[in-house]
Amino acid sequence: MRKLRLAVALAALTVATPGVLAATQAAAADNSITVWFDATRQPSIKAFEAAHPEIKVNEVLDDGSSGASGTFQTKIGLADQAGSGWPDVVFSTQNNDASWVSKETNGVQAFAQVLSDGFLDKSFLAGFTPGALDPVTIDGKVYGLRNDLAPVLFWYNKKLIDQFGYAVPKTWEDYQALGDKLAKDHPGYFLGSIGDSFEGPYVYYWSGEAPIFQLKGDTFSSNVTDPNAKKVTDLLDHMLKNGTVTQDSVFGASFVAKADHLVAIPGPAWYSGALFQNPSGVNAKPGEWAAAPPLYWDKGDKVTGNVGGGVWYASSHTANPAAVKTFLEFVISNDQTAGTGGLPAYQAAADKWLDKQASSGFYAGDFKTAVSTAASHVWNGWAYPDFSPETAWAKIITPGLASGKTISDLAADWQQEMKNEAQVVGYTVN
Amino acid sequence: MACLSAPDRPSRVALTPAEWLGRAFAIVLLVAFALFFVVPLIWLLIAPTKTDRELLLDAPLAFGSLTTLADNWRALMTFQSGLIWTWIVNSAVYCSAALLITLVTSIPAGYALALTEFRGRQTLLAVTLVVMLVPGTALVLPIFLELSAVHLIGNPLAAILPFSFFPFGVYLTYIYFSTALSKDLLDAARIDGAGELQVFARIAMPLATPVVALVAFFNFTGNWNNYFLPYVTLPGRKSPIQVGLAELLSNVPAFNPTNAASTTISLSSLALATLIAVAPVMIVFLFAQRFLVTGLTAGGVKE
Amino acid sequence: MSIRPDPAASPARGGLRQSADHRSSIERAQRRLGLAFVSLYSLFLLAFGIFPLLYAIYLAFTKRGAFAGLTNFAKIFRDYRFLPAVEHVGLYLVVWLAGLVVLVVVLALIIHAIGTRWLSTGLRFLYYIPGALAGASSVMLWLFVLDPTVSPVSFVLHALGLNNFVEAMQSNRLPVVLAVIAFWTGAGGWIVVMYGALNNISRELIEAARVDGAGPIRTAWSIQIPLLRKWIAYMVVLSFAGGTQLFVEPRVLSQASRGVVSQDYSLNQLAFLYAFKQSDFNGSAAISLVLLVVALILSVLFVFRGGLFERT
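The listed protein sequences derive, respectively, from chains W, B and A. Using my numbering, you'd call the opening residue of the first sequence number 1011 and step up by one each time. Using my numbering, you'd call the opening residue of the second sequence number 646 and step up by one each time. Using my numbering, you'd call the opening residue of the third sequence number 2 and step up by one each time.
Bound conformation, chain W alone (with noise of 0.2 Å):
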């Protein structure tokens, strides 16, 4: 029986050994690269099989580091520690990875190579959209490829707002008095939520332009009592209070039983697929909605903010870079599928989704126009650092609004939180 035990532990050693391929190590002789990518990225990995069939891509699929999962971080981390089995390209959903690999970490050199020196030409990275690349540039080195946008705009629900006889808003102080009047006029309909994390700090302070996530070289800095921070705090306040802003989850059942009493909401271009268009959302119906250009602060600067938006990175350690520059320039500015459903960074093919969108005719108003200008005005002062600012919001404001706080209260205990988090990574706290 002993003699047996050991047959099948030998047997299935010599299996294994030979019979392995790391699927994670790239072979310049046989021009192949290894991509990390998730299922929403397939149809750009398909398009690119199909117009290169002389680069072999060993396809591996994952979760795109969504949500808090880490993926990226992870794996590499462990294949920095292993000495082995980093891929050559890889997507993730989430824009601050450049923070981490672009450093050098545990002795192991950092992993994303440097793009901008000469390994891919001036020209196709003058073709992204303005601003799109500033997550991933530090120090003027531009780290990674942005994949698609995600700015904030005004959503706005052209029936009812003609039906009550409305102006649309264009800046934020229109936006609060306009909440004032549906309080008075309309109680019940509303004007927006912060119940999902990534709605307070992206879409009401970063557009409003405060200074509570900044990042100066390795000194993370956060001033939630700063003039503008404090306005968008107010402004909050003020629209939790009378009942305009709400604090049920856009994904939640409270939201969606009311989502026809929705008069406007600013929110990042992907409501269109995820809140107007799902039948498990809004549900609008073509027509009732419109996208106009993000509000501002009365004579403050006409930036917004930005939700999401991928990055491709392609490793320091690749063997093919030549297949790499292909690969990254391809799934960037191809017309079919760069941006992979959402709008693209890349300019030249934003516009031809933009133009498609548009003729659709599903949105009234000029879609192309209210997108174009989100997307290039996206307020640069915003940090990209190796944490993000939900955690904190999630943790600190979404439980104290629960139980009847203000943010107000709750600022200062927020700050504190962003910057104990800043510290645990790493970064000095001033």
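No lab work stands behind these hints, which were simulated from the structure alone. Every residue gets a Cβ at the ideal spot worked out from N, C-alpha and C, and that includes glycine. Careful: at least some of the hints might be erroneous.
Restricting the straight-line Cα-Cα distance to at most 20 Å, the calculated cross-link-like pairs of lysine to aspartate or glutamate (DMTMM-like) are [stated by the list, open to error]:
(1) 1169/W to 1195/W
(2) 1056/W to 1339/W
(3) 1113/W to 1090/W
(4) 1268/W to 699/B
(5) 1335/W to 1127/W
(6) 1251/W to 1345/W
(7) 1295/W to 699/B
(8) 1191/W to 1308/W
(9) 1241/W to 1228/W
(10) 1429/W to 80/A
(11) 64/A to 1090/W
(12) 1194/W to 1228/W
(13) 1309/W to 1184/W
(14) 1335/W to 1195/W
(15) 1362/W to 1345/W
(16) 1168/W to 1270/W
(17) 64/A to 1114/W
(18) 1268/W to 1195/W
(19) 828/B to 28/A
(20) 1251/W to 168/A
(21) 1151/W to 1127/W
(22) 1151/W to 1131/W
(23) 1415/W to 168/A
(24) 1268/W to 703/B
(25) 1191/W to 1270/W
(26) 1226/W to 1339/W
(27) 1240/W to 1419/W
Residues from chain B that keep clear of chain A, each with C-beta distances beyond 12 Å, as calculated [as the list claims (entries may be wrong)]:
(28) 725
(29) 726
(30) 731
(31) 737
(32) 796
(33) 882
(34) 918
Keeping the supplied structure of chain W fixed, place chains B and A upon it in accordance with the hints.
The following block gives chains B and A in isolation, referenced to the frame of chain W:
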């Protein structure tokens, strides 16, 4: 007829009020817990028949429609051309292979620890217990490094081998054999001339069916639900179902809002996928149930 | 009834010396078999248990390869998330262990007392099914079940004063919520184990007790539970260790609540963040070691009180 602990009493004799109360209390407890365990599952069972909108707005236990069920099924099947089945098959292969190896290594080891004498027995027991208490997080990096050193990352063995290490099963077997069998019984057999292997095969193994069943399904289901190690060692098409479910989750807008709408999985499809993922475990449990009861009148029980 | 060798049956006189030789050769054979039987398991133990443990110890006391004394430990103790995590885990453990031990034993005893086979099997099956939903697959389930607006058990949640999902995720209630989730997935398995252990108790013992006039509770308390000592001790040791290593449930809730339950709720989660978010494997190992030591200290207690190492 269900009877609770009163086989000798003729059923016509009335039970005392205290006994009635006790029995009623026991029944209430059983039913309450049955509901506790089952109601969320019933919800999950019904969820794939509803659209996301119905999930959010209709009554929780209301049935949806079969067309929605068909739609969700189709959505799952077309996700990456039936990737869910690849995941299930992967899980089945890894867990079955690991199960075989586990049984071959753990049952004899447990027997030896319980009923034989050798130097280092106590140490082995102690080390096994200590290792069982080590937090899983601490094990990931070293195991990853080991597997990477022998170039097994991405190979099914990267899941099968760690899955086959099952100290919980060894300890279970140890406790079982040390309580269910007496050394004297074995000694008698030995003195009568039986060799050690014969003692194991002829006396211990026939009595071991319950513990083999227990170890088998704890091992199988534990490995089936194991997420983190396969997540880092077997990405892509080799992933088992739990890792796959997490990938499906990342395509549900409610959990991953920034994902553009080209590949979306609805919550009800996710519910269906969850049910598909747990079905094999259910089947294994039903199958193993039969063997768990046979310890009832097995001989050699201690005085 | 145990079988003893009958002295009268052994061969006469010379048989005594013969049987001494026989005994020592039996002992040797036993030792050989014992060692052979644990050999393969020991290989696995070495590869996936001992080596990782030693590596973790090595990591905890070094930094980038150089000896670092206790600096890693100092760093984790000073982390602003450490004490809250300890508090969370502590509260959880109290609720979890108390509930688990009491309820598992009680339910197992009651189910075992049921005479009808299909009822007993059916109940065990029902109690066990949730165990299949341990882990990542249950995120969606809890997203709905714990949200009073859509939950099938909304009346329970409303009765507890919870009106929306965020309220259910408030940190002062979380230890109980997490314990309930852990119980839901874990109790069934232990009930099955206890049931099997109860089956091994001789029928005659129970009969004898009943004849002596003991009611079901007396029988349970004086006969069945003492005989389950080892199993209960095993359950307590593992559940305690599992409890200190709380990871899956808060992680699932963190995902389901989209961050309201923070990612650093438990100590094991903190270890995870250190390793994979902060790239600090040394700090992570330090936290894991602390968890291990705590689990060990209390396990030693139970091992000896429960007689886990005895072999009577």
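Hint check:
1. 1169/W to 1195/W: Holds - the C-alpha atoms of residue 1195/W and residue 1169/W are around 17 Å apart, at most 20 Å.
2. 1056/W to 1339/W: 15 Å, holds
3. 1113/W to 1090/W: 12 Å, holds
4. 1268/W to 699/B: 14 Å, holds
5. 1335/W to 1127/W: 13 Å, holds
6. 1251/W to 1345/W: 46 Å, violated
7. 1295/W to 699/B: 19 Å, holds
8. 1191/W to 1308/W: Within the cut-off at roughly 19 Å; holds.
9. 1241/W to 1228/W: 28 Å, violated
10. 1429/W to 80/A: 13 Å, holds
11. 64/A to 1090/W: 16 Å, holds
12. 1194/W to 1228/W: Given that 20 Å is the threshold and the Cα spacing comes to 48 Å, the pair is violated.
13. 1309/W to 1184/W: 13 Å, holds
14. 1335/W to 1195/W: Given pair residue 1335/W, residue 1195/W is violated - Cα atoms ~58 Å apart, limit 20 Å.
15. 1362/W to 1345/W: 7 Å, holds
16. 1168/W to 1270/W: Since the Cα atoms of residue 1168/W and residue 1270/W sit roughly 12 Å apart, the hinted pair holds (cutoff 20 Å).
17. 64/A to 1114/W: 16 Å, holds
18. 1268/W to 1195/W: Holds: residue 1268/W and residue 1195/W sit about 17 Å apart, inside 20 Å.
19. 828/B to 28/A: Holds - the C-alpha atoms of residue 28/A and residue 828/B are around 13 Å apart, at most 20 Å.
20. 1251/W to 168/A: 19 Å, holds
21. 1151/W to 1127/W: Since the Cα atoms of residue 1151/W and residue 1127/W sit roughly 7 Å apart, the hinted pair holds (cutoff 20 Å).
22. 1151/W to 1131/W: Holds: residue 1151/W and residue 1131/W sit about 13 Å apart, inside 20 Å.
23. 1415/W to 168/A: 13 Å, holds
24. 1268/W to 703/B: OK: residue 1268/W and residue 703/B at ~14 Å, within 20 Å.
25. 1191/W to 1270/W: 18 Å, holds
26. 1226/W to 1339/W: 31 Å, violated
27. 1240/W to 1419/W: 12 Å, holds
28. 725: Holds: least Cβ distance 18 Å, greater than 12 Å.
29. 726: Holds, because the least Cβ-Cβ distance between residue 726/B and chain A comes to about 22 Å, which exceeds 12 Å.
30. 731: Non-interface label on residue 731/B holds, nearest chain A Cβ at 17 Å vs cutoff 12 Å.
31. 737: With a cut-off of 12 Å, residue 737/B remains clear of chain A, as the shortest Cβ separation is near 14 Å.
32. 796: 15 Å, holds
33. 882: Residue 882/B clear of chain A: closest Cβ-Cβ about 18 Å, beyond 12 Å.
34. 918: 8 Å, violated
When the structure is compared with the earlier hints, violations turn up for hints 6, 9, 12, 14, 26 and 34 and for no others.
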